[in-house]
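Peer 1: Between the sequences and the hints, there should be enough to build the whole structure, so can you do that?
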Amino acid sequence: MIVARGLTKTFGPKLAVDDLSFTVEPGRVTGFLGPNGAGKSTTMRMVLGLDRPTAGSVTVNGHSYADSAAPLREVGALLEARALHPGRTARNHLRWLAASNGIPRTRIDEVLDLVGLDAVADQRVGRFSLGMGQRLGIAVALLGEPPVVVLDEPVNGLDPEGIRWVRTLARELAGQGRTVLVSSHLMSEMALTADHLLVVGRGRMLADCSMAEFIADHAASHVRVRSPRTGDVEALLRGRGLEVDRQGAELRVQGLDAAGIGELVGGAGLLLHELTLVQSSLEEAFMTLTADSVEYSTHPAPQEAQATR
Amino acid sequence: MIDTVALNPDRHVPGARRHPRAADTLHAEWLKFWSVRSTGWSTAMLFVLGAGLTTLVCATSAAWLASGEADESPASFITWGLFFAQITALALGTLIVTSEYGTGMIRATLSATPRRGAVLAAKAAVLTGTLLVAGVVTAFAGYLGGNWFLDREGIGIALSDDGVLRSMLGSGLYLAGLGLFAMAIGLLVRHTAAALSIGLALVFVVGNMAFLLPGTWGEWVAKLLPGNAGSGVATPVSFNPELLAPWTGFAVFTAEVAALLLAGWLVFRHRDA
Numbered sequence: 001m002i003v004a005r006g007l008t009k010t011f012g013p014k015l016a017v018d019d020l021s022f023t024v025e026p027g028r029v030t031g032f033l034g035p036n037g038a039g040k041s042t043t044m045r046m047v048l049g050l051d052r053p054t055a056g057s058v059t060v061n062g063h064s065y066a067d068s069a070a071p072l073r074e075v076g077a078l079l080e081a082r083a084l085h086p087g088r089t090a091r092n093h094l095r096w097l098a099a100s101n102g103i104p105r106t107r108i109d110e111v112l113d114l115v116g117l118d119a120v121a122d123q124r125v126g127r128f129s130l131g132m133g134q135r136l137g138i139a140v141a142l143l144g145e146p147p148v149v150v151l152d153e154p155v156n157g158l159d160p161e162g163i164r165w166v167r168t169l170a171r172e173l174a175g176q177g178r179t180v181l182v183s184s185h186l187m188s189e190m191a192l193t194a195d196h197l198l199v200v201g202r203g204r205m206l207a208d209c210s211m212a213e214f215i216a217d218h219a220a221s222h223v224r225v226r227s228p229r230t231g232d233v234e235a236l237l238r239g240r241g242l243e244v245d246r247q248g249a250e251l252r253v254q255g256l257d258a259a260g261i262g263e264l265v266g267g268a269g270l271l272l273h274e275l276t277l278v279q280s281s282l283e284e285a286f287m288t289l290t291a292d293s294v295e296y297s298t299h300p301a302p303q304e305a306q307a308t309r
Numbered sequence: 310m311i312d313t314v315a316l317n318p319d320r321h322v323p324g325a326r327r328h329p330r331a332a333d334t335l336h337a338e339w340l341k342f343w344s345v346r347s348t349g350w351s352t353a354m355l356f357v358l359g360a361g362l363t364t365l366v367c368a369t370s371a372a373w374l375a376s377g378e379a380d381e382s383p384a385s386f387i388t389w390g391l392f393f394a395q396i397t398a399l400a401l402g403t404l405i406v407t408s409e410y411g412t413g414m415i416r417a418t419l420s421a422t423p424r425r426g427a428v429l430a431a432k433a434a435v436l437t438g439t440l441l442v443a444g445v446v447t448a449f450a451g452y453l454g455g456n457w458f459l460d461r462e463g464i465g466i467a468l469s470d471d472g473v474l475r476s477m478l479g480s481g482l483y484l485a486g487l488g489l490f491a492m493a494i495g496l497l498v499r500h501t502a503a504a505l506s507i508g509l510a511l512v513f514v515v516g517n518m519a520f521l522l523p524g525t526w527g528e529w530v531a532k533l534l535p536g537n538a539g540s541g542v543a544t545p546v547s548f549n550p551e552l553l554a555p556w557t558g559f560a561v562f563t564a565e566v567a568a569l570l571l572a573g574w575l576v577f578r579h580r581d582a
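Just so you know, the protein sequences line up as chains S and B, in that order.
The first sequence begins at 1 in the numbering used here and counts up one residue at a time.
The second sequence begins at 310 in the numbering used here and counts up one residue at a time.
No wet-lab data here; the hints were simulated from the structure.
Among the hints, a few may not be true.
Computed spacing ranges between beta-carbons, pair by pair [stated by the list, open to error]: (1) Ser129/S to Leu521/B: 38 to 44 Å; (2) Ser347/B to Ser129/S: 21 to 27 Å; (3) Ala69/S to Ala434/B: 18 to 24 Å.
Just so we're clear, the structure is a prediction, and the values are computed from it rather than from any experiment.
We treat Cβ as the ideally placed atom computed from N, Cα and C, and that holds for glycine.
Peer 2: Rendered as structure tokens:
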């Protein structure tokens, strides 16, 4: 279990993490979602005691990370895949880590096998691809069989098979009762992995809820209605207290499902040309939620603007 | 809600010791130090430069030293290669810290061992041990090689001669101190090129230029600079008569290294990794 209370971090004048309070519970995958520069990595570094919070505190299993006698056996973390010396072999990297926490050497072969790097274990990691580096990082995280696993952007650089593997792994770890915190800037990735979501933007918590709640609250849906007699239909639906938004010849109705609207309109003897449930995707919901907090937003290129003239 | 299991870390990795000890941190740093190629190369270079150049200079100077025209003592030449071996000691000391910052490894290190003092102590111990042994072994090899040529000219030096054994041990002590000195600079600046340049400049450039400073104060500044204060202990008879007495100089050097390490530790202790 990870508990953060009022966690704040400033770098000079820049507020990177702004008063975050959250709890990461065991037995489920918690997705830590936000655009680039939202403060996810800084938060994770504070969890591991690498960065000092400017204010607030964070504890892992009830105490601060730095107070753990054998932290690798308590918390496994993939921070940056490239926190490696390029001249050291994968096996030697795991060897010194195992030695530092009193983990037996037999465990090294186990994790190498688990992440599929056993064949290249004695190669220098400087020759590894981004995906192999990620796999080694995950091997490091699992070295001590920790009850808490923290993975920062674990699918970066992985091929589709690797992405699916990480997804399954995260779900398995949570299924075993471990606390799993996975960060990503991709909503589509989280939608398939996470049970619970923490959404941050510009260092602030935008949403802390279950995946189902997030979908219900943010992935807005409406029913699209077209009729040759738009005005009459609009008046009828408004008369029943429904929310109607007229967009040209199309009505967007909220507050009742498609079947209900159909019965209502049919009951009044009006003709319908279209009756469709429209649900915005999670990706759109995430974009809408974080729209104001995107650190590096893009603007249309001037050439494109000219071309459309 | 899924049923949660209270996971006991020890249950899952058979054979894991409950509390890792300082020895485990030391073991980890030792493995880390020796599992990159630069360590092996630097240590080999230390030996080749130290022992090899001492032997070479003795071979080429033996006849001149025996001729009576010489204005230097043969004993000044018996650890001559040490001057160049200093470079590798500085490189090893710098890299033990800066390679971690350069690669981001420092985050792996501190997440494995959050007690930063323990990490620093282990690094210092590994570095000191390696350089002490390498320095003494190199000095003895240089003595054996160089003295073979001096002996042929009848000006051989015995181990029991004044300051000879002290210079053998002193070579190890001085190189270990120099490594710690470079490690402290590495902690303060964190960049390999910058830290190494500062270390080399202080020992080789500033150290020699300082003797050009005028007056008594200039003489003292030169004497007290780390390379000048510390190197006296590593040679039986110094080329430079203005240096402090061997052990006095080494005490000054040790104090300087300790002060710099303290500064490095104070910065390292609170800095974001």
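Peer 1: Next, verify each hint and record whether it holds.
Peer 2: Now for the hints, and whether the structure bears them out:
{"no.": "1", "hint": "Ser129/S to Leu521/B: 38 to 44 Å", "verdict": "violated (55 Å)"}
{"no.": "2", "hint": "Ser347/B to Ser129/S: 21 to 27 Å", "verdict": "holds (24 Å)"}
{"no.": "3", "hint": "Ala69/S to Ala434/B: 18 to 24 Å", "verdict": "holds (20 Å)"}
Hint violations for this structure: number 1 only, all remaining hints satisfied.
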